[in-house]
Amino acid sequence: MCKLLTIRIVRPQKSNRFPVDTRRLDTCSETSDGFHFYLQFPYSGASLNFSSVVLQVLSPEKAMHQCVLSMSRSSIKCGLYLLCFDFHGLHKVQLNAAPVLPSRIQVMDALLSLCVLLVALPNMAVVESRKAPVLDYFEYCAMSCRAYSASLEEFGGVGDGTTLNTKAFQAAIDHLSQYASSGGSQLYVPPGRWLTGSFNLTSHFTLFIHKDAVILASQDEKDWPVIDPLPSYGRGRDTQGGRFSSLIFGTNLTDVIITGDNGTLDGQGDLWWQKFHKGELNYTRPYLIEIMYSDNVQISNLTLVNSPSWNVHPVYSSNVVVQGITILAPVTSPNTDGINPDSCTNTRIEDCYIVSGDDCVAVKSGWDEYGIAYGMPTKQLVIRRLTCISPFSAVIALGSEMSGGIQDVRAEDIVAINTESGVRIKTAVGRGGYVKDIYVRRMTMKTMKWAFWMTGNYGSHADDKYDPNALPVIQNINYRDMVAENVTMAARLEGISGDPFTGICISNVTIQLAKKAKKVPWTCTDIDGISSDVTPAPCNLLPEQEEENFGACTFPEESLPIEDVQVQTCTYSRNL
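UniProt numbering puts the sequence shown at residues 1 to 576.
Since the hints were derived computationally from the structure, they do not count as laboratory data.
A virtual CB, placed ideally from N, CA and C, is assigned to each residue, including glycine.
Some hints could be false.
[As the list claims (entries may be wrong)] Listed next, with one range per pair, are the computed distances between beta-carbon atoms:
id, residue 1, residue 2, range
1, Glu-563, Ala-147, 21 to 31 Å
2, Leu-271, Thr-488, 32 to 42 Å
3, Gln-274, Lys-516, 50 to 60 Å
4, Thr-251, Ser-181, 48 to 58 Å
5, Asp-528, Asp-464, 51 to 61 Å
6, Asn-457, Ala-147, 49 to 59 Å
[As the list claims (entries may be wrong)] Heads up, simulated DSBU-like pairs for lysine-lysine below, C-alpha to C-alpha not over 35 Å straight-line:
id, residue 1, residue 2
7, Lys-519, Lys-446
8, Lys-518, Lys-449
9, Lys-449, Lys-515
10, Lys-167, Lys-211
11, Lys-465, Lys-519
12, Lys-518, Lys-465
13, Lys-278, Lys-449
14, Lys-519, Lys-449
15, Lys-275, Lys-515
16, Lys-519, Lys-275
17, Lys-278, Lys-167
18, Lys-167, Lys-222
19, Lys-275, Lys-222
20, Lys-446, Lys-518
21, Lys-446, Lys-516
22, Lys-222, Lys-465
23, Lys-278, Lys-222
24, Lys-222, Lys-211
25, Lys-465, Lys-275
With these hints in hand, go ahead and build the complete structure from the sequences.
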């Protein structure tokens, strides 16, 4: 199959310096998780606008499958990403750059190579690790580099899949914490299957997980400490009272990095999912990664599979980058949200691929009276180059726990496949708070129930003490430049009686309905807004505006501070 694939590089419009190029993939190889191939681009030294480059994958049937190239602000070995449809379905494509040395304004100096990964693995229940030599030196990309290094094996770690390594992880991290003020430290997790319970990180610290390493979550509840509920929630999400600490946990940290070269965290979630369905949980299920009350956080280049519940949960934190994460869980698994920024400021989520049983990204800020009292919003959030498959949930959900407020969310270059809704706002009477200044553009959707969904009657309260007079404010919601196909219903927009959702703006959106679509493609109640160039025509509460008089739905031009955060090339060498 590999030898039958062809890549076509298409010249950007009005560019003569970037030639059309079509070639076979001589370096392609088939693997158990699909096929991988690499392509060297001979354009070193050219000054190119990479955002305008289009690549096309040609299948044996000569069908053309267009890829969308996306950029990340990264240094030489950090990589680029694109998303591609091929004749089997959606593939995640990683495009690693090759050396173009741009000016300071241009953000790409890279080495270009191409890697295609099939959408869903045939069996996600077990993640195997392969034997590989232990490395004494390697390079990787991170926001901060470290002066001191150690391997988990130096602290008694055994990667046989059965020996419990919780004490080894914690002993290593506790030892390395002494270097926080003298250049920081990094812990290397070498190839192997490292069974462990929950462990805590430290400041000025990097956890690096080798590509052939699997951190395997223990299925014994005794290995999971119970901690207090979040103050903005007042209780656990699954049960009243406490919650199990996450597999990788950190609180009150500065400058913490969890990264690798696509190493794996396996939550072994099936046992937890069964306990949830049977009502046998005494505490809320653990997450795979939770970082609380922290600043300058990077979570990157990892694969997370079968989380007991949420996968990545930064909460009460600032300056957070989540990049290059693959998240896989059965689409029927309960509450396996992908990435949930919660009461966070200045967060960037990019180049992620998520298959989940719940929302791929759920933006949160506290629950009912507890979130109102805590009063910490999520704001200044960037989401870009995200691919989502979630048949029963949303690509991006705002809420339902939004009582502390959500403001200034910017999402772009999103791909959704076989997902319930593209963007969903979830709230209810009693939530209070607000969702405002939301901007989404360049979204591609295929096989959806709804493109847009707003829910003002979500319910699901923390307890019966919520204030029925606490009404949420939903305003200035902007969607533009989107296409969707095989959609059951264009939109379901339901505000709250006496508390309408206002300032909704939808522009340049084309939705192709499914053969068995609903007869009425739009339903709208208790909302107010405008539209322009939308197909099928929206409801009367979103009246069409003349294009020449239409200045709304604009995506902010100024960047947020988190967009300027850069990575650098760091090294690991054993020196402890």
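Kindly indicate which numbered hints from before are broken by the structure, ordering the numbers from low to high.
Hints 3, 4, 5, 11, 12, 15 and 16 not satisfied by this model.
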